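**Q** Spelled out from the first residue to the last, the chains are:
There are 4 protein chains.
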Amino acid sequence: MKKNQARLRVRYAETDQMGVVYYANYLVWMEVGRVEYCKAFDFDYRNMEIEDGVMLAVAEARCRYSFPARFDDEVVVETWVSEATTRMVTFAYEMKLAADGRKLAAGETRHVFCGRDLKPCRMPEKYREKFGLKPAAAKPAPAE
Amino acid sequence: MKKNQARLRVRYAETDQMGVVYYANYLVWMEVGRVEYCKAFDFDYRNMEIEDGVMLAVAEARCRYSFPARFDDEVVVETWVSEATTRMVTFAYEMKLAADGRKLAAGETRHVFCGRDLKPCRMPEKYREKFGLKPAAAKPAPAE
Amino acid sequence: MKKNQARLRVRYAETDQMGVVYYANYLVWMEVGRVEYCKAFDFDYRNMEIEDGVMLAVAEARCRYSFPARFDDEVVVETWVSEATTRMVTFAYEMKLAADGRKLAAGETRHVFCGRDLKPCRMPEKYREKFGLKPAAAKPAPAE
Amino acid sequence: MKKNQARLRVRYAETDQMGVVYYANYLVWMEVGRVEYCKAFDFDYRNMEIEDGVMLAVAEARCRYSFPARFDDEVVVETWVSEATTRMVTFAYEMKLAADGRKLAAGETRHVFCGRDLKPCRMPEKYREKFGLKPAAAKPAPAE
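Chains as they are written, first to last, in my numbering: chain A, 1 to 144; chain B, 1 to 144; chain C, 1 to 144; chain D, 1 to 144.
Extracted from the complex, chain A is given alone in its bound form (with noise of 0.2 angstroms):
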């Protein structure tokens, strides 16, 4: 399975009244990881945006919380796709400090191909490698 480390510092406009990291900022966390991991393994997705008009829509997120985050700590998430086919695409994270390796959040974020009508799709052939998914049959599917 591959994994791709990202590395972000937190930012004081991630923190709240609590002196810690306001609990949604781990989901934009995610989103960092998620694209640098599809950079890492060559799947450009802005380009996916732009090109084939798919997007990856999010069907569902969940994090939980172990250590609270700091102004300034430096956080390395890291980031795997625990699932594919060709509808869906699931991430999973966990994210860590970088000084010590403490664990700090782990999560999951379940998306759906679809197009710019944010109608669920297939994932476009080219991608599918990448996923570790076969292409498509020569023949396509009747029901399609």
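It is worth saying that the hints were derived from the structure and are not from the lab.
Model, not experiment: these values are computed from the prediction.
For every residue, glycine included, the Cβ atom is placed at its ideal position computed from N, Cα and C.
Check before you lean on any hint, since a few could be wrong.
Said to hold, decoys possible - Chain A side only, calculated, beta carbon under 7 angstroms to chain C, not exhaustive:
| no. | residue |
| --- | --- |
| 1 | Y12 |
| 2 | G19 |
| 3 | F71 |
As the list claims (entries may be wrong) - Short, incomplete list of chain A residues facing chain B, as computed with Cβ under 10 angstroms:
| no. | residue |
| --- | --- |
| 4 | Y23 |
| 5 | A24 |
| 6 | Y26 |
| 7 | A59 |
| 8 | R64 |
| 9 | S66 |
| 10 | P68 |
| 11 | R116 |
| 12 | L118 |
Add chains B, C and D to chain A, keeping to what the hints say.
**A** Frame of chain A; chains B, C and D shown alone:
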């Protein structure tokens, strides 16, 4: 089970280039629902932080996305407590379009009571009845 | 000069570790004020984007901070148009605590009309009167 | 005049439905530039908050937008101190595309030193030289 409905209007800031609300913002809306729930049932979260030095740290958050909210939509956040102990509270949420009741998303957040040092603690006595919990016994448990 | 008052409640997400609202969020509140101003005076910004393909791109924003807003404060955002031409509109804002009228911040945002390609354009004819502008002359200027 | 360059990658979360970066996020990037500037010149902001109990409260922020940043763009935030006294510091910023140096935006933020009570105070002695200020005279001014 007591429920509360909070209403909010989708901000332009909350949309992303897909033309819909960015997924992390639903967790911010859950916070809006949670704060208004607490107020509606006379549990003043702001005061608990200031007077009792007790905060609710998020231990887990989860959201399932059904239909995308868009700029200027009016959204209803229905909130209720799905579980409560002296150590933790789980809030559940359903987010719907105010216009036609269409379900946008549903989720849960699980919180643990903690002190200013962010170490777990028990829910202050005076708030227990609000969450349907019995007051603590006269003689405190020795292990505390 | 027509003014409009929008009201909002400070979200926990909007605070930072200084215990007050993070400074960039006042610009989000200006957006809330601006959107409600436009609605109040029957200028439907959402429709202008969808029907006319015309957007207001921000050219400049400025905020002077007087007193810090805190979590759960109710804030009044007073908004008015301080200048308008067929090319641009300047909105001005004053943000106050609803409880006692204490001034929190004041600012301005200057916007230019632009098409979906983000190139500058003129305000659609039908909206001009809303901004106190005369309708265009019958014969359009040759340079357009 | 010392300048520092911070680099960041535009997040999907930072875009809005116009397909470009939402205007308030440039103020977050200014914060990123400011924090890295302070580090580069050995002024540890995090420590000043923790050890000295002194914070920099924003008094004014201003941004002029030239060209829209988009998702995944790499942005350079050039930061310098344009003015400093024992009471306040003004930072200036220029934001450019890393790819071709195209200017995105420019701005300033003016900050006042304040204590944990958010009341104005003087810059702690030990930081003065960092900002090109002379150390305080041996005899403190009587009015203080």
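**Q** Please go over all the hints and tell whether each is borne out by the structure.
**A** These are the hints, each one checked on the structure:
1. Because the beta carbon of Y12 (chain A) sits about 6 angstroms from the nearest beta carbon in chain C, less than 7 angstroms, this interface hint is met.
2. At its closest, the beta carbon of G19 (chain A) sits 5 angstroms from a beta carbon of chain C; the interface hint therefore holds under the 7 angstroms criterion.
3. The beta carbon of F71 (chain A) is positioned within 7 angstroms of a beta carbon in chain C (closest approach about 6 angstroms), and the interface hint is therefore held.
4. With a least beta-carbon distance of about 4 angstroms to chain B, the hint placing Y23 (chain A) at the interface is held under the 10 angstroms criterion.
5. Proximity of A24 (chain A) to chain B holds as hinted, the smallest CB-CB distance being about 4 angstroms (cut-off 10 angstroms).
6. The interface hint given for Y26 (chain A) is met, as the beta carbon of that residue sits about 8 angstroms from the closest beta carbon of chain B, less than 10 angstroms.
7. With 10 angstroms as the threshold, the beta carbon of A59 (chain A) comes within range of chain B, its nearest partner Cβ sitting at about 6 angstroms, so the hint holds.
8. A cut of 10 angstroms between beta carbons decides the hint on R64 (chain A): the least distance to chain B is about 5 angstroms, and the hint holds.
9. With 10 angstroms as the threshold, the beta carbon of S66 (chain A) comes within range of chain B, its nearest partner Cβ sitting at about 9 angstroms, so the hint holds.
10. Among the interface hints, the one on P68 (chain A) holds; its C-beta lies about 6 angstroms from the nearest C-beta in chain B, closer than the 10 angstroms criterion.
11. Interface restraint check for R116 (chain A): the shortest CB-CB distance to chain B comes to about 9 angstroms, inside 10 angstroms, so the restraint holds.
12. Interface restraint check: L118 (chain A) against chain B, minimum CB-CB distance 6 angstroms, threshold 10 angstroms, status holds.
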